[in-house]
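K.L.:
Now for the letters of each chain:
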Amino acid sequence: MMYTPHTEEEIQSMLQIIGIPSMEGLFADIPKSVRLNRILKTGRPLSELEIRQEMGDLVRKNSHLEEYTSFLGAGSYDHYIPALIGPILFRSEFYTAYTPYQAELSQGMLQAIYEYQTAICELTGMEVANASLYDGASALAEAVLMMVRIGKKRSEILISKTIHPFYQDVVRTYCKGLDLKFIEVEYQNGQVSLDQVKKQITDNTAGLLLQYPNFFGCLEEIPELIQLAHDKGAKVAVSVDPIALGILNSPGELGADIIVGEGQGMGNSMSLGGPYVGFFATRTEFIRQLPGRIVGVAHDKEGRRGYTLTLQTREQHIKRERATSNICTNESLNALASLFYMVTLGKKGLAEVARQSTLKAHFLQDALSRIPGVAIPWSAPFFKEFAVKLDRSPKEINEALLKERIIGGLDLGRYYPELKQHYLLCVTEKRTKSELERLVALISRR
Amino acid sequence: MAEAKRDKLIFEKSVSGRKAYALPPLDVPESSLESLFPSKFLRKEPPGLPEVSELDLVRHYVKLSQKNFSIDSGFYPLGSCTMKYNPKINDEIARLPGLAALHPLQPEETLQGALGLLYALEELLKEILGFDRISFQPVAGAQGEMVGLMMIRAYLQSKGENRHKVLIPDSAHGTNPASAMLAGFEVEEIRSNSQGLIDLDDLKKHMDRDCAALMLTNPNTLGLFEKDIIDISKVVHEAGGLMYMDGANLNALLGLVRPGDMGFDVVHSNLHKTFSTPHGGGGPGAGAVAVKAFLAPFLPKPTIEKKGERYVLDDNRPDSIGKVSTFYGNFGNLVRAYVYIRSNGAEGLARISQMAILNANYVRSKLEKVLKVAQDRICMHEVVFSAKKFKSREIHARDICKRLMDYGFHPPTVYFPLIVEEALMIEPTETESKETLDSFCDALISISKEIELNPELLLNAPFTTPVGRLDETEAVKKLNVRWKKG
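Protein chains in written order, with the working numbering: chain A, -17 to 428; chain B, 1317 to 1802.
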């Protein structure tokens, strides 16, 4: 199937107006020596029916989470997506539009982004938010770049080992071109060690990076950590699980300088890891250091309220090499999905999703802790994810579970060599009691 | 479009006690949160999100959508953005649960279809681009640029070379210099010559042992093919530098020329442009980056490999620059691009570029009577005009854009490239018909008459949009970037 409308007659009449005899004349500037004088080896065009059949065969080679029960989290979450989100998100007018550079034709998108910025601020306890970044990991990386801009000559970053290992990787990649030193902070009892932070923080520390709840699902002692950092004049950036903020106090309200996070869990499908959406919020005093797009209010001559992109002089298309960030295309549509999610759940619903996830996760942890050979390694408070220590390898358990159409937890030993046989499980509001009990029964079976 | 009214925000429509959700009753024993967390961790007040009914919510956002212009509603000739039609089959496939409901950390044996698709997409793009390996991790073009430059840096460092400069033409996209800075380079600008092409002499002057790479867009942002590309490559390679191609304009080259055959060592492709995944009002995108074999060790991890009949994710890459996105990139968009490439096949891909070039030249020929074309020659898939001649009437490119909205068209890209005064950059794309191009050109011709007869009309335009021209200075001076309960 091709999507070009031109008939042979039209092509001829257009060439006539252009004033060249044949299509070949249009390629006159391309040197003969670089022309591809053959047809691409990409196969013949396929009809819709053929591609559907072929993709149907391919899809059957995957095990998806509408047919399997999953206890995997670790940065991608199986929260329920309300039915109304799809139909409004996929309205062509949102879906097939471009960046709202021409405000008058993009009021719908711009107002929605303004609402998104507001919702993110309400959730994180912050004053300003941008219109989205790529994903949770790159948002944390942008937070580091911003802390370095604010910190001027400071060149050290304290990075907690309780941050998602993939996020740690991305942050380091982003900062390769900078003269920065990353200092890892050890954990204790599943939480970042306050003693280690105290020892490692100096007048040269630009920022402290945390995750809340952290990669192990545990809550960090945020106020104490912020105090330690601020005493040394360092900034604090926290990557949060937005669902958790339905019931947990936000590090933003507790004084953190930057709050970032992954918005996938709010209305976006898991989709093998993307597209996801990074959110980014901070305080008004830092707004000119913010990366990415920002929507603001403006009025027309008749005094009507409207919305437009603002503070564009920070952005790459104006500031070029002196921009706050190189981001251009962001994740607007995914940000919209997360807005629709936040609005659907509203004030009470988000708290209810968070509460149910918590109670179910704690129910599961409690049941597992009664199984001989399962130990609870840490006593720190946790949200919807938690680790258990097994007397077998997580791999062995996961293989057995897979046969029962269950996708088990994460083998923490893959990312933390010292945590061999540690198994990270995630429970959302979607998991039923009978699914939890089945998992417990299967793990108890020897 | 709906009539212009002061639309309330969803927050202003909130009524305490309304609900748009229902959860199943909790089926595990109830216990208080206070018994699970020390109370210092608990939020005192729930987040200030609106309380609305499902119908309130749906109507609110359907109304907002109606105040938005899109490719499905009309012609959207934004230069350098490639706003082509997005086939519906792409989206239908990407939303199948067998692709959308996959957890990225599932065991590989449960993902053989998805990993196989990524492997096959890499094979197709290698052929289309003329390269040896591809990473799908970058989720946007600008991220691809950063990744490409980081690989160049890592490669040079592995040879013990500490080259710290990247050369970028003055016509380049703003992301190029910004990405180069992020990758740890300094930027030097190369002049364009009177033909709108890279100035070879200026390039030679800047090309020295400190130069890591030349970052070039071909066709360039004036819509012109850099016809001296072989000489340019030679100058750069002989001085020990590498050639980076910004693939934003790849829509002009499919089946005609492969970046790999022009001497480029790295290219990124904005899959959301060339391979038609919807732009979503500003994303998600996908910025696959392709390299020649000698750069492959530096690719972000993981890569997708085939071992016998199995597809695996390879994390064991000691020279890799690391990871750039949490998981494996924007998979949903990669599925769409795959379906699009397979649907078009070889003939379709070649036709995309041919018709894109035909359409741009048609617009150029029809409009050169009323607007000055920046470079008077055959162009590739886009054409840049200058509205400079109207400055004597106090009319700027911006005013023409605003008036075009009243004629039912989305305006072209404006004030870019920076080297053209009062630039209007038009990219029609291959999916537009002759009739659409005719009516668009007629609109611009009639606007040029309005400039002669009634310039005031343009200064006050648009008249038919939900709001009139907005005071962008006010938006900066009186910053209001979030709603607050009044």
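The set of hints was computed from the structure by calculation and includes no laboratory data. Everything numeric in this text was worked out from a predicted model, so none of it was measured. We put the CB at the ideal spot given by N, CA and C, even for glycine. Do not rely on the hints blindly, as some may be mistaken.
Here are some of the chain A residues that sit facing chain B, going by a computed Cβ distance under 8 Å [as the list claims (entries may be wrong)]:
#: 1; residue: Pro3
#: 2; residue: Glu6
#: 3; residue: Ile33
#: 4; residue: Ala79
#: 5; residue: Thr81
#: 6; residue: Glu86
#: 7; residue: Ala94
#: 8; residue: Gly255
#: 9; residue: Gly278
#: 10; residue: Arg337
#: 11; residue: Lys342
#: 12; residue: Asp373
#: 13; residue: Glu386
#: 14; residue: Ile388
#: 15; residue: Leu392
#: 16; residue: Thr414
Example chain A residues on the side facing chain B (calculated, C-beta under 10 Å, incomplete) [claimed, not checked]:
#: 17; residue: Gly25
#: 18; residue: Ser29
#: 19; residue: Gly38
#: 20; residue: Leu40
#: 21; residue: Leu92
#: 22; residue: Asn231
#: 23; residue: Gly237
#: 24; residue: Met252
K.L.:
If any of the earlier hints don't hold here, list their numbers in rising order.
P.N.:
Numbers 1, 2, 12, 13, 14, 23 - these are the hints that the structure violates, sorted from lowest upward.
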